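Based on the provided sequences and hints, a complete structural model is requested.
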Amino acid sequence: MACNLDGMKIASWNVNSIRARIAHVTEWVAREKPDVLLLQELKGSEFPALTFQELGYESAAVTQKTYNGVAVLSLHPIETVATALLGDEADTHARFLETRVQGLRVVNIYAPNGNPIGTDKFNYKLAWLDRLKVKLEHWLRDGTPTVIGGDFNIIPEDIDCHKPSSWIHDALFQPEPRERYRTFLSMGYTDAFRSSHPGETGQFTFWDYFRKAFETNRGIRIDHFLLSPSLAPRMTACHIDKAPRQLEKPSDHTPIVLELH
DNA sequence: ATGTCGCCTCATAGGCGA
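Throughout, our numbering is defined as the position within the first sequence, counted from one, plus 16.
Bear in mind the hints are in silico, worked out from the structure with no lab data behind them. Be careful, since some hints might not be right.
As the list claims (entries may be wrong) - Simulated restraints on C-beta separations:
| # | residue 1 | residue 2 | range |
| --- | --- | --- | --- |
| 1 | 174 | 100 | 29 to 35 angstroms |
| 2 | 264 | 202 | 38 to 44 angstroms |
| 3 | 249 | 66 | 20 to 26 angstroms |
Unchecked claim - Below, in silico cross-link-like pairs of lysine-lysine (DSS-like), each with a Cα-Cα straight-line distance of 27 angstroms or less:
| # | residue 1 | residue 2 |
| --- | --- | --- |
| 4 | 179 | 151 |
| 5 | 25 | 49 |
| 6 | 49 | 258 |
| 7 | 25 | 59 |
| 8 | 59 | 137 |
| 9 | 137 | 149 |
| 10 | 25 | 149 |
| 11 | 151 | 137 |
| 12 | 137 | 49 |
| 13 | 25 | 179 |
| 14 | 228 | 258 |
| 15 | 228 | 265 |
| 16 | 81 | 59 |
| 17 | 151 | 59 |
| 18 | 25 | 137 |
| 19 | 25 | 151 |
| 20 | 228 | 59 |
| 21 | 258 | 59 |
| 22 | 25 | 258 |
| 23 | 59 | 49 |
| 24 | 25 | 228 |
| 25 | 179 | 81 |
| 26 | 151 | 228 |
| 27 | 228 | 81 |
| 28 | 49 | 179 |
| 29 | 228 | 49 |
These figures come from a predicted structure and were not determined experimentally. From the three backbone atoms N, C-alpha and C, an ideal C-beta is built for every residue, glycine too.
As structure tokens, this is what we get:
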């Protein structure tokens, strides 16, 4: 299936409130000029589409008051395919947005955090990941080049956190979500960052606001790009841009950037 | 348990979610 992805740059960033972070995001977009940007944790009913339109970006957003919220920005036309994850009609969280850009299936997710473990929140997380798996199976079968990006709220392996013992009681590090993430990989999806940086330690996308976590690089890698088998050979690079995390009043996450050919 | 953000409201302090 032909699609023009040459030089295409796709980024993902959990901004922890688009209203609080609008200056950081617009400055980063103007400088980095990604073809596509996936945003998570918008935390508001209104998405500032006009602000990004002025920078040349079309947008699609699924919003919710106070919580969650995901958006896709693109220099190219966006076709919105789905605004909710199938499998639970009662689930009203704004966590899923499936689009098509330049013949590529671009899926933006904000997976549930799931803390504390042993509660409905943790069960919701596992059920949500199981629903995502059903979609992942469908997308494999139709062969369309597919990228799933966003905040997975999963620390895949021990090297994806500064110190495993600090996270053993956290939902992001539990065997159940990690097992699901490994299943996604065994199905044929590629973890874009890890596959291009095998064994590299100290590479994180999130650092807590407290205890000087960023300054001491005590972080976790929870923002990911999964690539379908049809897309994986077209990855040229994947990196984490720590610059926005160093700004005044930053998001607790920083962007991850994927490049294709 | 704690730390620190950002949001909201039975609002200017406290609760929730992360």
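Structure-based check of each hint:
1. 174 x 100: 29 to 35 angstroms: Holds - the Cβ-Cβ distance for residue 174 and residue 100, about 34 angstroms, lies within 29 to 35 angstroms.
2. 264 x 202: 38 to 44 angstroms: 42 angstroms, holds
3. 249 x 66: 20 to 26 angstroms: 38 angstroms, violated
4. 179 x 151: With Cα atoms ~33 angstroms apart, residue 179 and residue 151 exceed 27 angstroms; violated.
5. 25 x 49: Status holds; Cα separation ~8 angstroms.
6. 49 x 258: OK: residue 49 and residue 258 at ~16 angstroms, within 27 angstroms.
7. 25 x 59: 25 angstroms, holds
8. 59 x 137: 18 angstroms, holds
9. 137 x 149: 18 angstroms, holds
10. 25 x 149: 25 angstroms, holds
11. 151 x 137: Satisfied, since the Cα-Cα distance of roughly 21 angstroms is no more than 27 angstroms.
12. 137 x 49: 36 angstroms, violated
13. 25 x 179: 31 angstroms, violated
14. 228 x 258: Cα-Cα ~15 angstroms, so holds.
15. 228 x 265: This hinted pair holds, its Cα atoms lying about 14 angstroms apart.
16. 81 x 59: Given that 27 angstroms is the threshold and the Cα spacing comes to 6 angstroms, the pair holds.
17. 151 x 59: Roughly 25 angstroms separates the two Cα atoms, so the pair holds.
18. 25 x 137: 34 angstroms, violated
19. 25 x 151: OK: residue 25 and residue 151 at ~24 angstroms, within 27 angstroms.
20. 228 x 59: Between residue 228 and residue 59 the Cα gap is close to 25 angstroms, so the pair holds against 27 angstroms.
21. 258 x 59: 22 angstroms, holds
22. 25 x 258: Given that 27 angstroms is the threshold and the Cα spacing comes to 17 angstroms, the pair holds.
23. 59 x 49: Given pair residue 59, residue 49 holds - Cα atoms ~24 angstroms apart, limit 27 angstroms.
24. 25 x 228: 31 angstroms, violated
25. 179 x 81: Cα-Cα ~34 angstroms, so violated.
26. 151 x 228: It is violated: about 38 angstroms lies between the C-alpha atoms, which goes past 27 angstroms.
27. 228 x 81: Between residue 228 and residue 81 the Cα gap is close to 30 angstroms, so the pair fails against 27 angstroms, i.e. violated.
28. 49 x 179: Between residue 49 and residue 179 the Cα gap is close to 34 angstroms, so the pair fails against 27 angstroms, i.e. violated.
29. 228 x 49: 30 angstroms, violated
Of the hints listed earlier, those the structure fails to meet are numbers 3, 4, 12, 13, 18, 24, 25, 26, 27, 28, 29, in rising order.
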